[in-house]
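The lines below spell out each chain.
2 protein chains.
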Amino acid sequence: MAGQIDFYFDFSSPYAYLGSHLIEPVAQRHGRDLVWHPFMLGVAMKGERTFPLTQYPMKGDYSRMDFDRTARYHGIPFVMPEAFPKVTLAASRGFLWIDQQDPARAVGFAKRIFAAYFTEGRDIADPVVVTEIAEEAGVNADAFSTAIQETEIKRAFTASVEETVFEKKIFGAPYFIVDGERFWGADRVSQLDEWLARGGW
Amino acid sequence: MAGQIDFYFDFSSPYAYLGSHLIEPVAQRHGRDLVWHPFMLGVAMKGERTFPLTQYPMKGDYSRMDFDRTARYHGIPFVMPEAFPKVTLAASRGFLWIDQQDPARAVGFAKRIFAAYFTEGRDIADPVVVTEIAEEAGVNADAFSTAIQETEIKRAFTASVEETVFEKKIFGAPYFIVDGERFWGADRVSQLDEWLARGGW
Numbered sequence: 191m192a193g194q195i196d197f198y199f200d201f202s203s204p205y206a207y208l209g210s211h212l213i214e215p216v217a218q219r220h221g222r223d224l225v226w227h228p229f230m231l232g233v234a235m236k237g238e239r240t241f242p243l244t245q246y247p248m249k250g251d252y253s254r255m256d257f258d259r260t261a262r263y264h265g266i267p268f269v270m271p272e273a274f275p276k277v278t279l280a281a282s283r284g285f286l287w288i289d290q291q292d293p294a295r296a297v298g299f300a301k302r303i304f305a306a307y308f309t310e311g312r313d314i315a316d317p318v319v320v321t322e323i324a325e326e327a328g329v330n331a332d333a334f335s336t337a338i339q340e341t342e343i344k345r346a347f348t349a350s351v352e353e354t355v356f357e358k359k360i361f362g363a364p365y366f367i368v369d370g371e372r373f374w375g376a377d378r379v380s381q382l383d384e385w386l387a388r389g390g391w
Numbered sequence: 191m192a193g194q195i196d197f198y199f200d201f202s203s204p205y206a207y208l209g210s211h212l213i214e215p216v217a218q219r220h221g222r223d224l225v226w227h228p229f230m231l232g233v234a235m236k237g238e239r240t241f242p243l244t245q246y247p248m249k250g251d252y253s254r255m256d257f258d259r260t261a262r263y264h265g266i267p268f269v270m271p272e273a274f275p276k277v278t279l280a281a282s283r284g285f286l287w288i289d290q291q292d293p294a295r296a297v298g299f300a301k302r303i304f305a306a307y308f309t310e311g312r313d314i315a316d317p318v319v320v321t322e323i324a325e326e327a328g329v330n331a332d333a334f335s336t337a338i339q340e341t342e343i344k345r346a347f348t349a350s351v352e353e354t355v356f357e358k359k360i361f362g363a364p365y366f367i368v369d370g371e372r373f374w375g376a377d378r379v380s381q382l383d384e385w386l387a388r389g390g391w
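Residue numbers (our numbering), protein chains in the order written: chain A, 191 to 391; chain B, 191 to 391.
Be careful, since some hints might not be right.
It does not matter which identical chain is used: a pair holds within one copy or between any two.
[To be verified] Distance condition first, Cα-Cα at most 30 Å in a straight line; then the derived DSS-like pairs of lysine-lysine: (1) LYS358 with LYS301; (2) LYS276 with LYS359; (3) LYS236 with LYS359; (4) LYS236 with LYS276; (5) LYS301 with LYS276; (6) LYS236 with LYS344; (7) LYS359 with LYS301.
Simulated from the structure, these hints should not be mistaken for laboratory data.
In isolation and in its complexed conformation, chain A is listed as follows:
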């Protein structure tokens, strides 16, 4: 089977949410596995001297408009959360823990986290809310709630973020790597699609 598409994202990124909707049919069409990797965009931003998009004086207003217009363009449900951005440690650690046991369920959980934040405005920084969402995704709430507080999973996620940012040099989200080729941004999914169709150019 052809190589997988690695998908790097932060649960708090609107374009990563949109990108998650756009990449899935592309992966299916080309018979590529899609492998989800949550990370902390804030860690990358420190080194890059970048900020959450909405915090820029002029680009901030434009971005809010563009999130919404791009979502409508693609027919993706989207309501910009009033509280933005969120630190999504609990959700990311939870993803990693579920993924260790059942990768397909972890993807289901990730989709629910994205939808909870970007269509229902739920507080995905709150471990209690994250645990509720895990339960909605068929995960045992008590086991999940305990797991995301354990040192082992915290360390594993920290190591994963450091590898993503400092070794793989991933500075933004969504970020895709397939066949060694890198694509940053929801607006590069169309090039990624064409790249796989043509085998590059």
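Given chain A, put chain B in place with the hints provided.
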């Protein structure tokens, strides 16, 4: 006639160069005049706390790759200049002066400036080089060389940049406004095209 497409750019922006190639057929297809507006991206960057793309530690390398890959994707000639970015005051003032007399010739001059920098690596910060390019575009070299040093044209361009950045709130390039709708980035030309085709969404 339907409203014009305002196209804001800095002569030193690779995506603005690519965007100039992408927007033209779109404007033609929809019967819209395309009005070119050079400005100084550096003025916008100061207030936004942003930097030339290639100066970001990680995004810098990615951007160089993406300029080239995106140019090849669209079949646009492109060679990343070794000296980047450039302060394009002379070219921008020259554009403004030509535009006051002959807007069509000013567009021809703008295209030659872009091509000189992004396909031939010529130094478009140098008034002597800019004057040569003006001559190639059919402009009298002596008159041009004198005009771009005059206080009147300097003041007019400064006022134009201030209006662009501080009143129109344009923070990046390429930036397009049509029918009051704003599109930032070469990768938003496809949405702009669709916006005009559908009358919005």
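Here's how the hints hold up against the structure:
no., hint, verdict
1, LYS358 with LYS301, "within (24 Å within a copy, 38 Å between copies)"
2, LYS276 with LYS359, "both (22 Å within a copy, 27 Å between copies)"
3, LYS236 with LYS359, "both (13 Å within a copy, 26 Å between copies)"
4, LYS236 with LYS276, "both (16 Å within a copy, 27 Å between copies)"
5, LYS301 with LYS276, "within (16 Å within a copy, 44 Å between copies)"
6, LYS236 with LYS344, "within (20 Å within a copy, 38 Å between copies)"
7, LYS359 with LYS301, "within (25 Å within a copy, 35 Å between copies)"
This entry satisfies every hint, going by the numbered hints stated previously.
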